[in-house]
Amino acid sequence: MSLLSLTHRTPRQASFGRGLVNLLTAVAVVAGLVAALLAMVGVDPAGTAQAMWSGSFGTLRSTGETLIRATPLLLIALALIPSLRAGLYNIGAPGQMAFGALASTVIALQAPTLPSAILVPACAIGGCLAGALTAFLPGLLKATWRANEIITTLAMNFIAVAVLGYLLTGVMQSDFANLPQSDSLPANSALPTFIPGTRTHIGLLVALLAVPLLWAADRSRLGYRLRIFGANPSLARQAQIRPGRYTIWLMTLGGAGAGLAGWMQVAALDHRLYVGIATPVGYAALFVALLGALHPLGTVLAALAFGALLHGGDSLQVGAGVSPEIVQVLLGLILLAYAIRATTSAATGTEGRTRSWTFWKRS
Amino acid sequence: MDLLEAILSTAVRLMVPLLLAALGELIAQRSGVMNIGLEGMIAGGAFTAYAVAMAHWGLAAGTVAALLTGALVALVMAVGAVWARGNQILVGFALFILVPGIANFLYVQIGWTGGAPAVPTVTIPVLSQLPVIGPAFFAQNLFYYVAAVLAVAVWYFFARTRAGMTVTAVGHSPTIAAHRGTSPRRVRTLALLACGALAGLAGAAMSLGSVGSYAPNIVGGRGLIVIAIVILGRWTVPGAIAGSLLIAVLDSLKLNVAEGSVIPLQLFGALPWVVVMLMLVVSYRMRSNTPRTLAQ
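Protein sequence lines, in the order shown, are assigned to chains A and B.
The numbers in the numbering used here rise by one with no breaks, and the one at position 221 of the first sequence is 1462.
The numbers in the numbering used here rise by one with no breaks, and the one at position 250 of the second sequence is 235.
What the hints contain is simulated information worked out from the structure, not anything from laboratory work.
Using N, Cα and C, we set each Cβ at its ideal position, and we do this for glycine too.
Certain hints may be false.
Claimed, not checked - Sample of chain B residues with no beta-carbon within 10 Å of chain A, all distances over it, derived:
(1) N72
(2) P102
(3) V107
(4) V131
(5) V134
(6) A138
(7) A154
(8) P201
(9) N241
(10) L265
As the list claims (entries may be wrong) - Cβ pair distances, simulated, as ranges:
(11) B:P201 to A:R1462: 44 to 52 Å
(12) B:G96 to A:L1538: 42 to 50 Å
(13) B:T275 to A:A1358: 52 to 60 Å
(14) A:I1482 to B:R171: 36 to 44 Å
(15) A:S1425 to B:V137: 13 to 21 Å
(16) A:S1425 to B:T275: 48 to 56 Å
(17) B:T275 to A:P1484: 17 to 25 Å
(18) A:I1359 to B:V267: 39 to 47 Å
(19) B:L240 to A:L1261: 26 to 34 Å
(20) B:M271 to A:I1482: 52 to 60 Å
(21) B:V267 to A:V1282: 44 to 52 Å
(22) A:Q1481 to B:L263: 47 to 55 Å
(23) A:V1270 to B:W97: 28 to 36 Å
(24) A:G1258 to B:V137: 28 to 36 Å
As the list claims (entries may be wrong) - Okay, the calculated bits of chain A under chain B, using three or more residues with CB under 8 Å as the criterion:
(25) 1389 to 1396
(26) 1407 to 1419
(27) 1574 to 1581
Okay, chain A solo, but in the shape it has when bound (with noise of 0.2 Å):
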């Protein structure tokens, strides 16, 4: 791969471009093997389909759910980018998340009287902070031990599982219930909503914000340092890039983002701390990144889409009798139909027929 398409901006339009055809020839491949699979244990494919549709636009209402489901995708996604354009695979949204929205429960309860103006910005810095710790120690063992950090951030998942239930079962476990749940946060932590009829909330607004950052970003030195330490990282390394920073800041800045998502999940939505905070969101988050091509805009419409599929997936229950375990096959499939045409394998062969610039080498 010549340094020298790094400085064009030619091939990154093209991938704009090829991306939407390869979501668009994923989503036709996977709606062919759902179907099949429907159709398999007796259900009707196209009512699936129309419950699911009606489920995610079909309201007012509907639509707004859809938007709060893309919310935290978007802004995971955004963050997620710089690492996965270094090779770094961050697994760990939900365990970053959950670390995030225990960090804005704690100060939201600890502090329920101040002002809205104060302590919704306190449990979004508190929330940002604990998710991107918890993203930190995977990185730093990446950087120091190399440790394989999809196995590490997947650990945190399970090591935030652990805490939340712990915590929940004691501490902060609410006196009102016998569940693992928080006390419900005060009124004034919460996020205002700005469609009316609808629970979208401006955290909507903080993901879109994100884009033109990330756009930016991309343009500036350090985007470009970014680029050339994920196309080649000995080269970076003459250069003077020291990729054991980069890789500790980029998981960092994954899990920030992740961080940030937890708080809006419970200062938006829940209005209170549970065991499974990080559920709605799970791993979709890599998979819009991946899926909008690694590109600001890209990942607008991927994010929307599975705002849209998620949300239609969970009312798939009551409009169709199918159990909602089916969107998990459904992002699988199409991550499967991605992930085959994504790169070129480096030790079989020479370089494919469809290689995205985002994954020159791995680290």
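Once you have looked at the hints, place chain B on chain A.
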């Protein structure tokens, strides 16, 4: 003494699926494929074994079906990551999500309840009477003995046979192997199929052997723990055995000691994961025979 005996006996029972999967992952990684999809292969095997057993086709049929399912998932991995030359990590991660998803969907949609029939326990006379280690190592279900035999077989394969050497060579340098007339693609495909079959067997050992029933997300991230075991074990069979036993002892502590211990039950669930992270750090400085083209 009784407690120690119980802990050890449970640990060896829980070790069996980990060891079987670790042997499979060992083969795949030696050939240079980082098989993140292992989780999916185990989950596929666990569900198929349970489904076949629930259909009253017998335990043997269940085990064979699990083996085939694991190999089938591995075939998808081979097509995606080796033939189509997709990104190994991403194809693996897709299977990590997809196969447990299919298993969960079918399980919930079909609505089975109840446990599957358990695999018979085989007790070796005399040896099983030994104090402490007797019941743990000489009175286990059938899968334990299968795993023991397979562990020796895999060790022999890599240490003493030409085919084992070829697999290692492909992992270190597929280009040179190709120049010498071995097709890296073929070797990696076969290694993945063997890995899938072993992982499917591990799944059967999980749902029919150590747990005796199926529950959604039965594997619960074990697939990635096994990958950490293989890394800590430095891609050797004795290392894989030691690592599997370590994790299994931690799981067994959760089941046996947690009642009335000072450490809260929830934190016991995090213990294997903390150990896994430590394992990755500790193994960094060990003598390494890392397959040089792993995950490329």
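For this structure, which hints from the list above don't hold up? 1, 8, 10, 15, 19, 20, 22, 24
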